[in-house]
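Given the coordinates of chain H, assemble chain Y onto it according to the supplied hints.
Protein chains: 2
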Amino acid sequence: MSEILERFRPLFYPRSIAVIGASLNPVKWGFEILHHLLLGGPDCKIYPVNPREKIILGLNCYPSIKQVPGEVDLAVITVPPEIATGVVKECAEKRVKAVVVVTAGYSEVGEREKKLEEELVGLAEQGKFLMIGPNCQGIMCTDSRIFAQIMGVFPLEGPLSIISQSGNIGGTLCRYCEHYNVGFSKFVSSGNEATTSSEDIIEYYGEDPETRVILAYIEGVDQGRKFFTIAKRVTRKKPIIMLKGGGTPVGARAVSSHTAALAGSDTVFDSACRQAGIIRVEALQDMLDLAIAFSTQPLPRGGRVGIVTMGGGLGVIAADACSRSGLEVIKLPEKTLEEMDKILPSRWSHNNPVDLAGAEGGRLMTRCIEALIRCPEIDGLIEIGIGFDVQSVKEIKSSPFFPISSESELATLTESFKQRNRRFAENLMRLIDESGKPLLSASDAVATPDGEESEAIKALRKRGIMVYPTPERAAKALGALARYSKYLKETAKETL
Amino acid sequence: MSEILERFRPLFYPRSIAVIGASLNPVKWGFEILHHLLLGGPDCKIYPVNPREKIILGLNCYPSIKQVPGEVDLAVITVPPEIATGVVKECAEKRVKAVVVVTAGYSEVGEREKKLEEELVGLAEQGKFLMIGPNCQGIMCTDSRIFAQIMGVFPLEGPLSIISQSGNIGGTLCRYCEHYNVGFSKFVSSGNEATTSSEDIIEYYGEDPETRVILAYIEGVDQGRKFFTIAKRVTRKKPIIMLKGGGTPVGARAVSSHTAALAGSDTVFDSACRQAGIIRVEALQDMLDLAIAFSTQPLPRGGRVGIVTMGGGLGVIAADACSRSGLEVIKLPEKTLEEMDKILPSRWSHNNPVDLAGAEGGRLMTRCIEALIRCPEIDGLIEIGIGFDVQSVKEIKSSPFFPISSESELATLTESFKQRNRRFAENLMRLIDESGKPLLSASDAVATPDGEESEAIKALRKRGIMVYPTPERAAKALGALARYSKYLKETAKETL
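Chains as they are written, first to last, in this note's numbering: chain H, 7 to 502; chain Y, 7 to 502.
Chain H on its own, in the form it takes in the complex (with noise of 0.2 angstroms):
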């Protein structure tokens, strides 16, 4: 195993875990830790630490961390910065490996506040254990169940890792990639970073073989130059998709009350993560659009797309957002536009996006979007409209004018449009793993609590597949994936 692998094990994969300052009190930290380290049931076992109860939650409680049995591999602090230095003092002396300090009130608080902070350094440097913080919320890792923190998110395993100067920005990851049935491996919330650092949580990613996509928000980074070295060897191997807090002048002003971090130079900055191959988002939003189609989308081999939609506006849209986002709209080969001539009634566009111009979807929709996808000049695609099965049920359902006679014809008719949507969405699973190619979709549907109940939408988010709400936002998460594909294809030509 190699040695950074080893150095994080007992942070992620710690064999006891101690909580130090563990509390009866729900509305406290060292509450909410001990309640989701339990709700998460790891392998390990737990101890909470403080002099004034005896048991909490069901388990024995211990006065301080050197009357604890046996070793402890990982500890979490929540007690007040006041009385932390001589907790953490302890915990060395017990020969603790690990120490997450989620206890705030250090360099982001002021100069006498560094100094507590500074203190924290000595000591974790002296002991050689491994630090995360101060003011931070705490780490996870689903695989061994470990969910050392405030928040009570508890996402899926998965592919994704996350490095975040922000707890809550994390947090909000966790939740929206849940809701779209997408996991994560592991989730270090990095605080102050009085030790270790952004980089080298990211490097231990490079390393994780759980890790398969890295999210990271960054405020700030110390040493910039260490840090863009780790990233360009990373971003080799596996996608950084960063989102930079503090772009602004007054960001960065809340970024150094936030986590003491100083922005730096934005255009600096940019041009470093271009050169490291980092994929910098503008927005949390477009973090999680681009997480998700990393997470479950193969690379495109080049930037050239088809468009298929139902509607022509929307394609007119996408088609826009494409090229904005760096992908080709390509002009379809001769032979395609036979191959749709033979599918299309007439009225079709004629054109990359393939407008079917209402014509029925569905089955013509699925072999549109099949020959498209079997053409070798296209290297992804977009298809807009899936999902308007319960729409058009509850339509008819509601029309007192539709014909139909009974309750049981109403209910084959129910069904087939279920299975038609299901069908379609199996179809286009089998058409990205057939071809390798990338085939994001998007659709409105997604808006409604009706389109969530959609069999086609249900299917795809079965696999952990995105409809996007909005032609652009695929576009644009198509589009990062052709840009890392050739970043890949330059950096392997460079190694050779």
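Simulated from the structure, these hints should not be mistaken for laboratory data. Hints should not be assumed to be uniformly reliable.
Copies of the same chain are indistinguishable here, so a pair counts whether it falls within one copy or spans any two.
In silico DSSO-like pairs for lysine-lysine, Cα to Cα no more than 27 angstroms straight-line [what the hints assert, rightly or not]: (1) 51 / 100; (2) 34 / 348; (3) 120 / 134; (4) 337 / 120; (5) 492 / 243; (6) 120 / 348; (7) 34 / 424; (8) 499 / 244; (9) 499 / 232; (10) 100 / 72.
For chain Y alone, coordinates are given in the frame of chain H:
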């Protein structure tokens, strides 16, 4: 009544409607339009016209418009282009006042088909009737309950009116807004705009007392000068939010096969929009976000904003986004800082964004917001983190460790969470009303089915107030409100 209101009256407030091409076949447009008209249930006569049927959906069917008894205000036509000319001619002879040609297959297809379109133009000019289309999906007016359209969308009554050169994009906006409980007054799908152009409809919306906010999806304008002159007059009274399709060369190519419009130079178009006070958005989602903000929030007097957040990182990205959206995240005046010190535990950010740094929400948050909104240096507010009542209760409910002894204790706790959150939302709305300042909320709670159940989110949505899924989306919407407010002030000065 002004001339333009009079001219559009038969379109939106007809006393009788004929559907020419009405059909018994549920997949035909002629069925769908008639069906949607009947579902809407307007207070007017409806006549299906089709020589091959006697009765459709319970209504007497007429062989031609000329056989229809009495006057016909509005005719909606779905027959194929080859026979549509004859049908429109009969409408002229019958002195129908407005005609919507849904039929496609005209100038969007080619030169030969363009000739057919010119025949329609000739007839409309000669007969002096209002003609919408061809190649459109229909029109709607919620207060007269007229849904003369292919799409099965029945939005609530409300302040938005759409002119769209794409039926689908209009439909998408309707579905989204329905989800957010924001309603529409009118919708015109203008298609190829053979006679009635987008600017005519915008001019009408400018005068229409039911329309407060105008949404326009435009792929191209034929008479730029006229378009922007009218728009400039209208934006002094009502905001026009515009999405432009075909802003890129490849999008423009798609436009030509969609509505046969010429997209033109995007730079020129953009600068003309700015001069006319049109709020141009980059993507469909922005249109939704702004439409809802303009419908339900007061306009700010200026661009100086306050941000309140439960978590630092979300505050940082909100500040960045505000700044990028042209807003000023002000330094808090001494007096407000002192007020905050009294309300919040000492670890708060002492800065704008006001970061509660994990201090318990609800009551504290309300007091902060109250202090900020009353600060005369602040024109508008963004608050982040509403809506986590249901999640908290769920966590407690699902936990075998939580010290809750009985069902009734759990019920009491659940109710208290709900009440707290309902109260929080009610306070937000009270503060908007009292201060006359916009107060936008953002929370990832809306991404989840649980969040949708949040009492706070439900209470806001009841009033059509959107909780934005990310802080950046709220900031973008608030920025647009502030820019429009500034524009109104500037144009008011010009007129003096």
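Status of the hints after comparison with the structure:
Within a single copy, residue 51 and residue 100 get their C-alpha atoms as close as 16 angstroms, which meets the 27 angstroms cut-off; across copies the closest is 87 angstroms, which misses it. For a Cα distance limit of 27 angstroms, the shortest separation of residue 34 from residue 348 across copies, 22 angstroms, qualifies, whereas the shortest one inside one copy, 67 angstroms, does not. In this homomeric assembly, residue 120 and residue 134 come within 27 angstroms of each other (Cα to Cα) only inside a single copy, at 21 angstroms, whereas the closest approach across copies is 80 angstroms. When the C-alpha separation of residue 337 and residue 120 is checked against a cutoff of 27 angstroms, the pair qualifies only between copies, where the shortest distance is 24 angstroms, while the shortest distance within a copy is 60 angstroms.
When the C-alpha separation of residue 492 and residue 243 is checked against a cutoff of 27 angstroms, the pair qualifies only within one copy, where the shortest distance is 13 angstroms, while the shortest distance between copies is 49 angstroms. In this assembly of identical chains, the alpha carbons of residue 120 and residue 348 lie at most 27 angstroms apart only when taken from different copies (25 angstroms versus 72 angstroms within one copy). Only between protomers do residue 34 and residue 424 lie at most 27 angstroms apart by alpha-carbon distance; the minimum there is 21 angstroms, versus 47 angstroms within a single protomer. Taking CA atoms no more than 27 angstroms apart as the test, residue 499 paired with residue 244 passes inside one copy only; the shortest distance there is 17 angstroms, against 56 angstroms between copies.
Taking the shortest alpha-carbon separations for residue 499 and residue 232, only the intra-copy value of 24 angstroms comes in at or below 27 angstroms, while the best inter-copy value is 55 angstroms. Proximity of residue 100 to residue 72 under the C-alpha cut-off of 27 angstroms is restricted to the intra-copy arrangement: shortest distance 6 angstroms within a copy versus 97 angstroms between copies.
Hint check: no violations occur; every hint is consistent with the structure.
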